[in-house]
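Sequential numbering of the sequence shown, starting at 0, is according to numbering that gives the first Met the number 0.
Don't read these hints as lab results, they were simulated from the structure. Be aware that a few hints might be false.
Cut-off 30 Å, straight-line C-alpha distance, at most; resulting in silico cross-link-like pairs (BS3-like, lysine-lysine) [to be verified]:
(1) K34 - K66
(2) K75 - K111
(3) K111 - K34
(4) K34 - K115
(5) K34 - K117
(6) K111 - K66
(7) K75 - K117
Simulated restraints on C-beta separations [to be verified]:
(8) G94 - H142: 17 to 25 Å
(9) A44 - F146: 17 to 25 Å
(10) E125 - N77: 28 to 36 Å
(11) R137 - A44: 12 to 20 Å
(12) G27 - S108: 22 to 30 Å
(13) P133 - P32: 29 to 37 Å
(14) D72 - I41: 22 to 30 Å
(15) R150 - Y105: 13 to 21 Å
(16) G107 - I41: 20 to 28 Å
(17) A24 - E148: 13 to 21 Å
(18) P73 - D122: 37 to 45 Å
(19) R137 - G27: 16 to 24 Å
(20) E148 - D103: 33 to 41 Å
Using N, Cα and C, we set each Cβ at its ideal position, and we do this for glycine too.
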Amino acid sequence: MRVFQLLVLLLLWPLLVCGQTDGDAIVGLWETPEKDGQIEIIRAADSSYEGYVRWYLVDGKDKKEVKDIHNPDPSKRNRSPLNMRLLSDFRYEEGHWQHGHVYDLYSGSTYKARIKYKPGNPDRIELRGYIGIPLLGRTVTWHRISFSELRPSEPNAQ
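Work out the full structure, taking the sequences as your base and the hints as a guide.
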């Protein structure tokens, strides 16, 4: 019986390892299309994927002057977006990161979202935020950057 269990484990091992590795491929630092934000995507403790603002610029203003003024929660409107969780709850399924949410700093709204690789390019992802169904949404393309390209944060920006 133990030989059978070992054989099953050995046969399934590549599937288990590939599933974890493929999902983690999104982990890293990404820059927005306008080059006004750098978002770090991490794997959370619950195995979902989240994205945090590591650098940003809004309307040419330095990050320490910009606040989350459109947030629906009045107690959060004076906070800096630096280190704010922008992406949440993404689950890797069938080659895409699905069932997630994206917070729009410009409107204070949170949308359903999904992420997939831009066809043929693992250093580009397409983030689609939508209301209800993906058909009713907008897609932006982010590109991967190295941590050496992370722009410096102001010490008192938070």
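Status of each hint after checking the structure:
1. K34 - K66: holds, 19 Å
2. K75 - K111: holds, 21 Å
3. K111 - K34: holds, 23 Å
4. K34 - K115: holds, 20 Å
5. K34 - K117: holds, 18 Å
6. K111 - K66: holds, 23 Å
7. K75 - K117: Answer violated: K75 to K117 is near 34 Å, above 30 Å.
8. G94 - H142: 17 to 25 Å: With Cβ atoms ~19 Å apart, the hint holds.
9. A44 - F146: 17 to 25 Å: Holds - the Cβ-Cβ distance for A44 and F146, about 22 Å, lies within 17 to 25 Å.
10. E125 - N77: 28 to 36 Å: 33 Å Cβ-Cβ, so the 28 to 36 Å window holds.
11. R137 - A44: 12 to 20 Å: 30 Å Cβ-Cβ, so the 12 to 20 Å window is violated.
12. G27 - S108: 22 to 30 Å: holds, 26 Å
13. P133 - P32: 29 to 37 Å: Hint violated: Cβ distance 19 Å, outside 29 to 37 Å.
14. D72 - I41: 22 to 30 Å: Check passed, 23 Å falls within 22 to 30 Å.
15. R150 - Y105: 13 to 21 Å: holds, 20 Å
16. G107 - I41: 20 to 28 Å: 24 Å Cβ-Cβ, so the 20 to 28 Å window holds.
17. A24 - E148: 13 to 21 Å: holds, 19 Å
18. P73 - D122: 37 to 45 Å: holds, 39 Å
19. R137 - G27: 16 to 24 Å: Since the Cβ atoms of R137 and G27 sit about 23 Å apart, the hinted range of 16 to 24 Å holds.
20. E148 - D103: 33 to 41 Å: violated, 24 Å
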